[in-house]
Amino acid sequence: NAGVTQTPKFQVLKTGQSMTLQCAQDMNHEYMSWYRQDPGMGLRLIHYSVGAGITDQGEVPNGYNVSRSTTEDFPLRLLSAAPSQTSVYFCASSYLSTTSGRASSYNEQFFGPGTRLTVL
Amino acid sequence: EDKVVQSPLSLVVHEGDTVTLNCSYEVTNFRSLLWYKQEKKAPTFLFMLTSSGIEKKSGRLSSILDKKELFSILNITATQTGDSAIYLCAVRRAGANNLFFGTGTRLTVIP
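Protein chains in written order, with this note's numbering: chain A, 134 to 253; chain B, -5 to 105.
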């Protein structure tokens, strides 16, 4: 298994440009999420998805869009990049345990290697 | 508002020392607390704690949760230079999978 993969590893954008950060996982995990990590701030949740076709906002969703058309992929779109979006972006996924066929609990999240984005 | 506070913010020790990292939290409908290690890239999972008083152990690392006093500790014994990293604590609410992270403790182990 490749686990959680992210592309690109590095990106430099100019203010106002748009781009998509790619995230894929091959573990058939239901849950996927995007975090950003800034110095002194820890990781903050941007958007998440509990399954294909279902997405929701996290703590810091403004300026970002997501979609989940397949279980494997969860791209993050920056609509009009701003210097405040300079950060390291991590994608994560986890699976939902079932007991007697019913969902019971989420397990640990597995993180991708990250994308370092600079907006000038 | 959910809150996770880690202490100390940074720590420098010599190889062979034992360290204790702290994580205190305030969260509505607490479900579990997770510890991650972050070296240069992605955080890697260490422990998930849901019950008070039950120590989780992996080699030289161990962790315990106190749900009454709302904190957890991560112990590392006989530290090695490979333990140098940022250690992140995160909490999760019941019925959800979203993680709320602290700012981390940067541990540096010098030979």
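The hints are simulated quantities; they were obtained by calculation from the structure and are not laboratory data.
Don't take each hint at face value.
Stated by the list, open to error - Keeping only pairs whose Cα atoms sit at most 25 angstroms apart, straight-line, the calculated SDA-like set for lysine to any residue is:
#1 K35/B <-> T75/B
#2 K35/B <-> L250/A
#3 K34/B <-> V252/A
#4 K142/A <-> S45/B
#5 K35/B <-> G173/A
#6 K50/B <-> I67/B
#7 K62/B <-> A36/B
#8 K(-3)/B <-> V193/A
#9 K35/B <-> M160/A
#10 K(-3)/B <-> S182/A
#11 K31/B <-> M174/A
#12 K(-3)/B <-> G173/A
#13 K(-3)/B <-> E205/A
#14 K62/B <-> P216/A
#15 K31/B <-> L178/A
#16 K34/B <-> D189/A
#17 K51/B <-> Y228/A
#18 K61/B <-> N161/A
#19 K31/B <-> L146/A
#20 K35/B <-> P194/A
#21 K61/B <-> T75/B
#22 K35/B <-> G186/A
#23 K35/B <-> I187/A
#24 K35/B <-> F143/A
#25 K(-3)/B <-> K142/A
#26 K(-3)/B <-> N240/A
Hint by hint, here is what the structure shows:
Proximity of K35/B to T75/B is assessed by CA-CA distance (about 17 angstroms); at most 25 angstroms being required, the pair is judged to hold. Under the criterion of a C-alpha separation no larger than 25 angstroms, the hint pairing K35/B with L250/A is consistent with the structure, at around 14 angstroms. Proposed proximity of K34/B and V252/A is supported: the alpha carbons are some 21 angstroms apart, at most 25 angstroms. In summary, the hint linking K142/A to S45/B is not supported, as the alpha carbons are separated by about 38 angstroms, beyond the 25 angstroms threshold.
Restraint check for K35/B and G173/A: satisfied, since their Cα atoms lie roughly 16 angstroms apart, inside the 25 angstroms limit. Of the pairs offered as hints, the one joining K50/B and I67/B holds, with about 11 angstroms between alpha carbons and a cut-off of 25 angstroms not exceeded. A hinted pair counts as satisfied when its Cα atoms are at most 25 angstroms apart, and K62/B with A36/B does not qualify at roughly 31 angstroms. For the given pair, K(-3)/B sits about 16 angstroms from V193/A by alpha-carbon distance, which is consistent with the 25 angstroms threshold.
For the given pair, K35/B sits about 20 angstroms from M160/A by alpha-carbon distance, which is consistent with the 25 angstroms threshold. Between K(-3)/B and S182/A the CA atoms are separated by roughly 23 angstroms; this keeps the pair inside 25 angstroms, and the hint holds. In summary, the hint linking K31/B to M174/A is supported, as the alpha carbons are separated by about 16 angstroms, within the 25 angstroms threshold. A hinted pair counts as satisfied when its Cα atoms are at most 25 angstroms apart, and K(-3)/B with G173/A qualifies at roughly 15 angstroms.
The hinted pair formed by K(-3)/B and E205/A fails the criterion: a straight-line CA distance of about 31 angstroms is larger than 25 angstroms. Distance hint between K62/B and P216/A is unfulfilled; the C-alpha atoms sit about 42 angstroms from each other, more than 25 angstroms. Taking the CA atoms of K31/B and L178/A, the gap is about 18 angstroms. The hint holds against a cut of 25 angstroms. Taking the CA atoms of K34/B and D189/A, the gap is near 29 angstroms; set against the 25 angstroms cutoff, the hint is violated.
About 23 angstroms separates the Cα atoms of K51/B and Y228/A, which keeps this hinted pair within 25 angstroms; it holds. Among the hinted pairs, K61/B with N161/A is inconsistent with the structure: their alpha-carbon atoms are about 32 angstroms apart, more than 25 angstroms. In summary, the hint linking K31/B to L146/A is not supported, as the alpha carbons are separated by about 30 angstroms, beyond the 25 angstroms threshold. Note on K35/B and P194/A: the hinted pairing holds, with a Cα-Cα distance of about 23 angstroms set against a maximum of 25 angstroms.
Using a Cα cut-off of 25 angstroms, the hinted pair K61/B and T75/B is violated, with the two alpha carbons roughly 32 angstroms apart. A threshold of 25 angstroms between alpha carbons decides the hint, and for K35/B with G186/A the separation of about 29 angstroms lies outside it, so the pair is violated. At most 25 angstroms may separate the alpha-carbon atoms for a hinted pair to count; K35/B and I187/A exceed this at roughly 28 angstroms. For the proposed pair K35/B and F143/A, the alpha carbon gap of about 12 angstroms is at most 25 angstroms, so the pair holds.
A threshold of 25 angstroms between alpha carbons decides the hint, and for K(-3)/B with K142/A the separation of about 30 angstroms lies outside it, so the pair is violated. Note on K(-3)/B and N240/A: the hinted pairing holds, with a Cα-Cα distance of about 21 angstroms set against a maximum of 25 angstroms.
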